[in-house]
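A.B. asks: This is what each chain is made of:
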Amino acid sequence: MTQLALVIDLNTCVGCHACVTSCKEWNTSGEAGPMVDRNPYAKSCLHCEDPPCVPVCPTGASYKRPEDGIVLVDYDKCIGCEYCSWACPYGAREIDEQQKVMKKCTLCVDRIYDETLPEAERKPVCVLSCPTSARIYGDIHDPESEASRAINESAGYQLMPEWSTNPANHYLPRRKVKITVHEEDLQRADNPLRKEDRGPRAPTSRTTLDDSTSW
Amino acid sequence: MAANPARQREVKSTTCYMCACRCGINVTVEDGEVRFIQGNPEHPINKGVLCAKGASGIMKQYSPARLTKPLRRKPGAERGRSEFEEISWEEALTTISERLHHIRETDPKKFALYTGRDQMQALTGLFAKQFGTPNYAAHGGFCSVNMAAGLIYTIGGSFWEFGGPDLDRSRLFIMLGTAEDHHSNPMKIALAKFKRNGGKFIAVNPVRSGYAAIADEWVPIKPGTDGALLLAIIHEIIAQGLYDREFLMRYTNSPDLVNVDLESDEFGLFLRSEIEVEETCIEPANKMWWDREREQAVHAHAEDTDPRLLGEFELEDGARVKPAFQLLKERVADYTPEWAAGITGIDAETIRRLAHEMGITARDEKIELPFPWTDAWGKEHESITGNPVSFHAMRGLAAHSNGFQTIRALGILMTILGTIDRPGGFRHKAPFPRPIPPCAKPPNDPEAIQPGAPLEGMPLGFPAAPEDLFVDEQGEPVRLDKGFSWEYPLSVHGLMHNAITNAWRGDPYPIDTLLLFMANMAWNSSMNTERVREMLVDKNDDGEYKIPFLVVCDAYHSETIAFADIVLPDTSYLERYDAMSMLDRPISEFEGPVDSVRVPVVPPKGECRPFQDVLVELATRLKLPRFLNLDGSRKFRDYKDLVINYETEPGSGIGFLAGWRGKGGEKFMRGEPNPNQWEMYAKNNCVYQHELPKSYQYMRNWNRGYLHWAQDHGLIRYTDPVNLHLYSEVLQRFRLAAEGKRPGRQPPDYLRERVRTHFDPLPFYAEPLETQAIDKNKYPLNAITQRPMAMYHSWDSQNAWLRQIHAHNYLFLSPQVGAQNGFDDGDWIWVESEHGRVRCMCRFSEAVEPGTVWTWNAIGKAAGAWGLDKQANESQKGFLLNHLISEEIPSGQGDYRFSNSDPVTGQAAWYDVRVRVYKADDDEPKQTSPQFPTQPRVPGMEPARGRWQSFVRGLGK
Ligand code: SF4
Ligand code: SF4
Ligand code: SF4
Ligand code: SF4
Numbered sequence: 001m002t003q004l005a006l007v008i009d010l011n012t013c014v015g016c017h018a019c020v021t022s023c024k025e026w027n028t029s030g031e032a033g034p035m036v037d038r039n040p041y042a043k044s045c046l047h048c049e050d051p052p053c054v055p056v057c058p059t060g061a062s063y064k065r066p067e068d069g070i071v072l073v074d075y076d077k078c079i080g081c082e083y084c085s086w087a088c089p090y091g092a093r094e095i096d097e098q099q100k101v102m103k104k105c106t107l108c109v110d111r112i113y114d115e116t117l118p119e120a121e122r123k124p125v126c127v128l129s130c131p132t133s134a135r136i137y138g139d140i141h142d143p144e145s146e147a148s149r150a151i152n153e154s155a156g157y158q159l160m161p162e163w164s165t166n167p168a169n170h171y172l173p174r175r176k177v178k179i180t181v182h183e184e185d186l187q188r189a190d191n192p193l194r195k196e197d198r199g200p201r202a203p204t205s206r207t208t209l210d211d212s213t214s215w
Numbered sequence: 001m002a003a004n005p006a007r008q009r010e011v012k013s014t015t016c017y018m019c020a021c022r023c024g025i026n027v028t029v030e031d032g033e034v035r036f037i038q039g040n041p042e043h044p045i046n047k048g049v050l051c052a053k054g055a056s057g058i059m060k061q062y063s064p065a066r067l068t069k070p071l072r073r074k075p076g077a078e079r080g081r082s083e084f085e086e087i088s089w090e091e092a093l094t095t096i097s098e099r100l101h102h103i104r105e106t107d108p109k110k111f112a113l114y115t116g117r118d119q120m121q122a123l124t125g126l127f128a129k130q131f132g133t134p135n136y137a138a139h140g141g142f143c144s145v146n147m148a149a150g151l152i153y154t155i156g157g158s159f160w161e162f163g164g165p166d167l168d169r170s171r172l173f174i175m176l177g178t179a180e181d182h183h184s185n186p187m188k189i190a191l192a193k194f195k196r197n198g199g200k201f202i203a204v205n206p207v208r209s210g211y212a213a214i215a216d217e218w219v220p221i222k223p224g225t226d227g228a229l230l231l232a233i234i235h236e237i238i239a240q241g242l243y244d245r246e247f248l249m250r251y252t253n254s255p256d257l258v259n260v261d262l263e264s265d266e267f268g269l270f271l272r273s274e275i276e277v278e279e280t281c282i283e284p285a286n287k288m289w290w291d292r293e294r295e296q297a298v299h300a301h302a303e304d305t306d307p308r309l310l311g312e313f314e315l316e317d318g319a320r321v322k323p324a325f326q327l328l329k330e331r332v333a334d335y336t337p338e339w340a341a342g343i344t345g346i347d348a349e350t351i352r353r354l355a356h357e358m359g360i361t362a363r364d365e366k367i368e369l370p371f372p373w374t375d376a377w378g379k380e381h382e383s384i385t386g387n388p389v390s391f392h393a394m395r396g397l398a399a400h401s402n403g404f405q406t407i408r409a410l411g412i413l414m415t416i417l418g419t420i421d422r423p424g425g426f427r428h429k430a431p432f433p434r435p436i437p438p439c440a441k442p443p444n445d446p447e448a449i450q451p452g453a454p455l456e457g458m459p460l461g462f463p464a465a466p467e468d469l470f471v472d473e474q475g476e477p478v479r480l481d482k483g484f485s486w487e488y489p490l491s492v493h494g495l496m497h498n499a500i501t502n503a504w505r506g507d508p509y510p511i512d513t514l515l516l517f518m519a520n521m522a523w524n525s526s527m528n529t530e531r532v533r534e535m536l537v538d539k540n541d542d543g544e545y546k547i548p549f550l551v552v553c554d555a556y557h558s559e560t561i562a563f564a565d566i567v568l569p570d571t572s573y574l575e576r577y578d579a580m581s582m583l584d585r586p587i588s589e590f591e592g593p594v595d596s597v598r599v600p601v602v603p604p605k606g607e608c609r610p611f612q613d614v615l616v617e618l619a620t621r622l623k624l625p626r627f628l629n630l631d632g633s634r635k636f637r638d639y640k641d642l643v644i645n646y647e648t649e650p651g652s653g654i655g656f657l658a659g660w661r662g663k664g665g666e667k668f669m670r671g672e673p674n675p676n677q678w679e680m681y682a683k684n685n686c687v688y689q690h691e692l693p694k695s696y697q698y699m700r701n702w703n704r705g706y707l708h709w710a711q712d713h714g715l716i717r718y719t720d721p722v723n724l725h726l727y728s729e730v731l732q733r734f735r736l737a738a739e740g741k742r743p744g745r746q747p748p749d750y751l752r753e754r755v756r757t758h759f760d761p762l763p764f765y766a767e768p769l770e771t772q773a774i775d776k777n778k779y780p781l782n783a784i785t786q787r788p789m790a791m792y793h794s795w796d797s798q799n800a801w802l803r804q805i806h807a808h809n810y811l812f813l814s815p816q817v818g819a820q821n822g823f824d825d826g827d828w829i830w831v832e833s834e835h836g837r838v839r840c841m842c843r844f845s846e847a848v849e850p851g852t853v854w855t856w857n858a859i860g861k862a863a864g865a866w867g868l869d870k871q872a873n874e875s876q877k878g879f880l881l882n883h884l885i886s887e888e889i890p891s892g893q894g895d896y897r898f899s900n901s902d903p904v905t906g907q908a909a910w911y912d913v914r915v916r917v918y919k920a921d922d923d924e925p926k927q928t929s930p931q932f933p934t935q936p937r938v939p940g941m942e943p944a945r946g947r948w949q950s951f952v953r954g955l956g957k
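Which chain is which? The protein sequence lines are A and B, in order. Mapping to the numbering used here: the first sequence position 120 is 120, numbers consecutive. Mapping to the numbering used here: the second sequence position 810 is 810, numbers consecutive.
You may find that some hints are simply not true.
Stated by the list, open to error - BS3-like cross-link-like pairs, simulated, lysine-lysine; straight-line CA separation at most 30 Å: (1) LYS47(B) - LYS176(A); (2) LYS12(B) - LYS47(B); (3) LYS43(A) - LYS47(B).
Everything labelled a hint here was simulated from the structure, so no lab data went into it. Remember, it's a predicted structure, so these values are computed and weren't measured experimentally.
With the hints as constraints, model all of the structure from the sequences given.
C.D. replies: Okay, here's the thing in structure tokens:
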């Protein structure tokens, strides 16, 4: 079964906010929009595999798609009761005070299946815009996907796994590079200073051992 | 795109201008409205990605702060009150051109044109020159001219547009004094790649902001002391023999012998051989080396000579000489890591370790690329080699009064590590490298200015000797901003930050008309903002304004608009033609020249007109020669027409754009104008990119193949190698003049000591001028700003999405500073300098060196400006550090004041300011101070929007 998700690489994310404003730009005029100015920026939903925001919804507006694991809100059914946002431990949902419906990240569901877009662009817009390619998108149930490989190779982890939400989004940790300098590295035969080791040469007329001893 | 067949949809390529980085964008326009802006995957700069600003372009296009009508200050209304009336373009243009015509016919220097980060200097410079005024510059003097000049005078190139770190192949990368950068997305793309390849990234900065977020090591440093750190690293690298001797010997002036005879008038100049040399703008190849075998001075670069880099030698006539490298070694002898530790706040062990990491990585991780090349002396090399240590630096180093010499030290460190234009190190971008210094010179005689005639020479250039200064017979400045005078001899970008003060004071002379384009001089682009605002409205006894006529062109309702006599509404970047020209600052890559254009994707809003078209129109009405045909008729319809048809000289084949030249677009760099050049750019992602053969992509200062290619294509006149100036004879010439040892021009007496001190041919460290002058116990802290990634200076407070990220700013400081001064995180405090004080909110942060306080640049706004509500956070909780910074410092000569700038380049010393902090009284208003009267909206702006700010396609805004 497919579970689409984002894997976010904290080793390269510089906090530039490109994902944030491009999300707003795409979605405010898109299927999920408009995005309101209050709490202006939605957070990425983690598209939990066991999403607590779904069972609490009294109308069934909050749902998880079986075919790809995306968690969505059906605006036509949503009554704006905000139970789901209370249930979400990650703060991923924001009520739209104007439309009185719950809004959240859709994993750009209106891009990823849109065949009028070039294939390379059928990705969440935050992924496309990220200058450090810190956002990897893919099916984390497919062990061959770039997302799964990144999780496996770079010790990807979930946020607050103890809540048993089993979030589909993962984070890759910071990795620190160090340089080790060995003592010997500073003592080399090819040290260029040796080429300059000159100093004024002593005059040959000066007294040396040659003049005073006979072995 | 969710397909809705009812909508007319079109995707057009152009170039972003939400900052100066110039990424390629694809703009989706639906039913005439911008629906979506995305990165262009085919574009060499950003390869499809965007930044927070770029993705918010819609909100700039549909910003409520846009100006849409030409305006005139109402008759009888006081300047500065924003009392405007609409006028027609015809009236605006007639008013301006009549006034300018009179100035041009009488005294052209009474017209001054200063521009912001405009990306059209090829045109603005041409206009100024043709008008005949020397009083022209863009904003470089208050931005990063030290970075440009410091490196160009050392390695023949600089960072960002002109070159940068080769992070693809680097193993160790050191970033100094940079948060967000002008080279924004490319830097982020490269950093991510670099990190994934396992390179080590070190950030040296008082604040851990911006890209330093992902640094492997943060080295906090006290502001203004980077020179001490760099010199100590050079000390350690030389002491350990970690320099690249081979590179220094062949490609720099390290082995060149310098006259060290104190009595000689040639003291500090290179020893020259007797051979005949042609007089050009290139330094002649007649220097001497000390041959270790023959024990005598020989012609530099003599075949099979292995010169001495160290030592002192006696010539046959008894004269003493030393190789330049010996002088560097002597210079840094006392700059030990222990010495630097006390200045920088970085412990000596760390400084030593940094030097070792750099030196050993450079030496032991050599790169070899299989590309044969031939050097300028004819020697063939089987491969290109490189040392994978690279650097990047910007305003943190530049914006100090000791910045020029600090940056010289950086250039020298990069040089001794053997990293210039080599893989893994620093690499140039066309049209760099240039000769050191570049050939273009400013005029050097007041006679260059003549009524009714163009300026003799270019307004800006690169002096190589006192003879190139733009001074009169008394040695006094000719330019309004005193650029290229003895006060700031190498001010290669001018000193825009002093233009208003000087014009107001009438020193060196009063002017008549000031035209400002896209520069917020009444707010964040001026030091001493409050006073500058007063100067703009100050009057002579006769009731005339001291600056009689002020024309401001901008697309947005900036603070400066309020002071205009005429306001000209510029277009947005999505509404116009632009050229990122080879004649200005193109977007070249390491691999070869690249330039690009903007083309309009939507029509101009209201009556907006591109500033370039306005300049072309004014130039034509003023009958400036290059804008007319030989018969005196109009030559260029508009800027679009000029870009493709203008040639630097009639028939030169060199114009604004390098791509698709020649009648049918079959030529590049050089070729006759092509009537379809715009269409060809538009069809090709708005970019022209030329990739050089691999063997021409490196070692370009000395690469015969490249130099000949560059000459053939009109990039350079001479193919002489550009050896690196470890030792700067150029600076020594100025010093000798100051010491009275050089025939020809000498500085006025009151400037001798200043020139002598700062024109040191070798880098040195001295405290910034303000720090030297001030009571450090009273003002114990340094105050600096950083640029956030989601804002471009003052420009984005009118952008609803970006102000939702930064709507006000705090003063960030170490919790220790709070504890010492008795206030808490979040408290209202005063920050006070010698010049003024500002009330603001503070935030504790561990990511700042404890002797520094900092804030984001230009988030604070004047009430009502930028189309904001008068209660907006930007003015009530946001603040500007500029109020604390003076644009001038005492000169020690009575009342006379120098610009608060680097004495070599005139770079504005923003980051020299010292402050103290204390808690605001509990009964003081919870509002930043100073406050200014609310700036009203002006005619033509849309009415204030309600709470709903966001643009949504289809809602018909
Ligand atoms: S766009 Fe990428 S680098 Fe920027 S904040 Fe988002 S994830 Fe981080
Ligand atoms: S992150 Fe929150 S909204 Fe998203 S699926 Fe999980 S619980 Fe639901
Ligand atoms: S996937 Fe789409 S909706 Fe979700 S955060 Fe990214 S851009 Fe926003
Ligand atoms: S860095 Fe951002 S704002 Fe600057 S040109 Fe690129 S996309 Fe535009």
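A.B. asks: Which of the stated hints cannot be reconciled with the structure, identified by number in ascending sequence?
C.D. replies: Hint check: nothing fails, all pass.
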